[in-house]
Each structure stands twice: as structure tokens, then as C-alpha cells.
Amino acid sequence: DAGVIQSPRHEVTEMGQEVTLRCKPISGHNSLFWYRQTMMRGLELLIYFNNNVPIDDSGMPEDRFSAKMPNASFSTLKIQPSEPRDSAVYFCASSIGWGSPLHFGNGTRLTVT
Amino acid sequence: AQTVTQSQPEMSVQEAETVTLSCTYDTSESDYYLFWYKQPPSRQMILVIRQEAYKQQNATENRFSVNFQKAAKSFSLKISDSQLGDAAMYFCAYRSALGGGADGLTFGKGTHLIIQP
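Residue numbers (the numbering used here), protein chains in the order written: chain A, 77 to 189; chain B, 4 to 120.
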């Protein structure tokens with residue numbers, strides 16, 4: 077049974093470049109979440125979707141960040157243009173809802189130079 | 004908004020001993036869920052244990068158990084017979100029961116657990 081799949085595992089890019097992170101949630105899960113983890117701020121919820129619809133994007137730090145979920149099995153988080161302060165580990169997680177735990181992918185470590 | 008506080012940035016325990024990690028939270032809600040996650044150096048987020056706020060009985064998963072004190076808004080994790088593989092960051096997390104279960108988790112800052120051989 078495949079878990080949440082994220083790609084790439086590592087991404088190194090130069091400031092100003094566009095970055096796209098990808099996520100495939102667990103089949104049957106109806107909620108999807110994007111988190112960012114840094115030493116300074118810990119785990120922050122960026123945005124979440126329910127049944128492919130964005131519910132709350134108040135955690136998205138700036139307009140440079142955008143997320144989409146075109147179907148139940150795929151989501152992207154895009155940063156354009158990227159900046160060094162965006163360097164972090166980005167996690168995608170999915171859940172079947174109503175108090176069930178979130179299942180996390182292995183994360184993407186993003187480094188912006 | 005809910006907040007989760009883990010007051011111990013780092014804890015150390017001898018292998019085979021018992022250790023307790025602290026977590027407190029602030030909420031005005033009466034129904035919610037609490038979790039402990041483990042993050043080893045591989046950075047994978049692994050669910051350790053889950054507690055429903057409406058249940059008085061403390062959750063247990065093998066060597067892991069919680070002490071849930073709803074009135075005190077406290078949710079500590081006890082690890083018995085500590086093993087080297089328990090070394091990791093441990094995160095306490097809160098999930099509201101409102102919103103049809105579509106809300107995310109609010110995490111504490113984490114406790115780094117060191118196991119001394």
C-alpha cells in the first residue's frame with residue numbers, strides 16, 4: 077500500500093527560478109495538506125484542500141507561493157520566483173478526514189542559493 | 004487559534020529506561036484530537052499515537068502511552084523501555100473536530116530525544 081509520494085526528494089535552485097513540488101496522496105484520502113518545516117518556525121501549515129478544493133490558504137507566506145490540486149491524485153506547490161529564505165523542507169500529507177491522522181510524504185528539501 | 008507548547012527542547016534517557024515528554028495546548032473547543040509524531044533523522048513523519056478528547060481512557064501503543072489531562076490541557080507521552088531506535092524529534096499535534104475533519108494539524112516545536120546506550 078503506497079503512502080504519500082512526493083517528488084523531488086531534493087531540489088537545489090538559484091534565486092529567481094521557478095520551483096514546482098509534486099505530491100500524490102494516498103488513494104481514497106479526501107484531504108491534502110502542504111506544510112513547511114524550518115528550524116526557526118517549525119512545522120507550518122501552508123494550505124489544505126478538501127475534495128480537491130482549496131479550503132484555507134492563509135498560511136501561504138506570499139503571492140509567490142501557489143498550490144493546485146487538479147484531481148484527487150495529484151497536487152503541486154509552486155514558488156515563483158524563489159528566494160533563499162524559501163529554503164526548507166516541504167511536506168505533503170493526506171487524510172481521510174474527521175480526526176484521522178495525517179499521513180506524510182518523505183518531504184522535499186528545497187535549497188535556494 | 005489553537006497553540007501547542009512543548010517546553011522541553013531536548014531530553015536524554017538511558018537505554019531501557021522510561022522517559023516522559025511534555026505537551027500542553029490551548030483551545031476553546033471541547034472536541035478535538037491529539038497526536039504524537041516521531042521524526043527520525045531520515046525526516047519521515049511517523050505517527051506514534053492518537054487520542055480522542057472525548058475519551059477519558061489514555062491511548063496506548065506497545066511501549067508508548069499518553070497521560071491525557073483534559074482539564075489541564077496536558078498531553079504527555081511516556082516511552083517505556085527506551086530503545087536506540089526511539090532517538091528522534093517528537094512532535095505533539097492538535098486537530099480540531101470542527102470543519103468536518105478537513106482542518107490540518109497544529110504542531111508544537113518538538114522535543115529532541117536522545118537515547119544514551
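The hints are simulated quantities; they were obtained by calculation from the structure and are not laboratory data. One or more of the hints may lead you astray.
Unchecked claim - The calculated lysine-lysine pairs, modelled on DSBU-like cross-linking and capped at a C-alpha distance of 30 Å, are: (1) B:Lys81 with B:Lys58; (2) B:Lys73 with B:Lys58; (3) B:Lys58 with A:Lys154; (4) B:Lys58 with B:Lys76; (5) B:Lys58 with A:Lys144; (6) B:Lys81 with B:Lys112; (7) B:Lys112 with A:Lys100; (8) A:Lys154 with A:Lys100.
Fair warning: this is a prediction, and the values are worked out from it, not measured in the lab.
Tested hints:
Under the criterion of a C-alpha separation no larger than 30 Å, the hint pairing lysine 81 of chain B with lysine 58 of chain B is consistent with the structure, at around 18 Å. Between the alpha carbons of lysine 73 of chain B and lysine 58 of chain B the distance comes to roughly 10 Å, so the proposed pair stays at or under 30 Å and holds. Distance restraint check for lysine 58 of chain B and lysine 154 of chain A: the Cα-Cα separation of roughly 40 Å exceeds the 30 Å cut-off, and the hinted pair is therefore not satisfied. Taken as a hint, the lysine 58 of chain B and lysine 76 of chain B pair is honoured in the structure, with Cα atoms around 14 Å apart against an allowance of 30 Å.
A threshold of 30 Å between alpha carbons decides the hint, and for lysine 58 of chain B with lysine 144 of chain A the separation of about 37 Å lies outside it, so the pair is violated. Simply put, lysine 81 of chain B and lysine 112 of chain B have alpha-carbon atoms about 18 Å apart, close enough for the 30 Å limit, and the pair holds. Proximity of lysine 112 of chain B to lysine 100 of chain A is assessed by CA-CA distance (about 27 Å); at most 30 Å being required, the pair is judged to hold. The hinted pair formed by lysine 154 of chain A and lysine 100 of chain A meets the criterion: a straight-line CA distance of about 15 Å does not exceed 30 Å.
Of the numbered hints given earlier, the model fails hints 3 and 5; all others are met.
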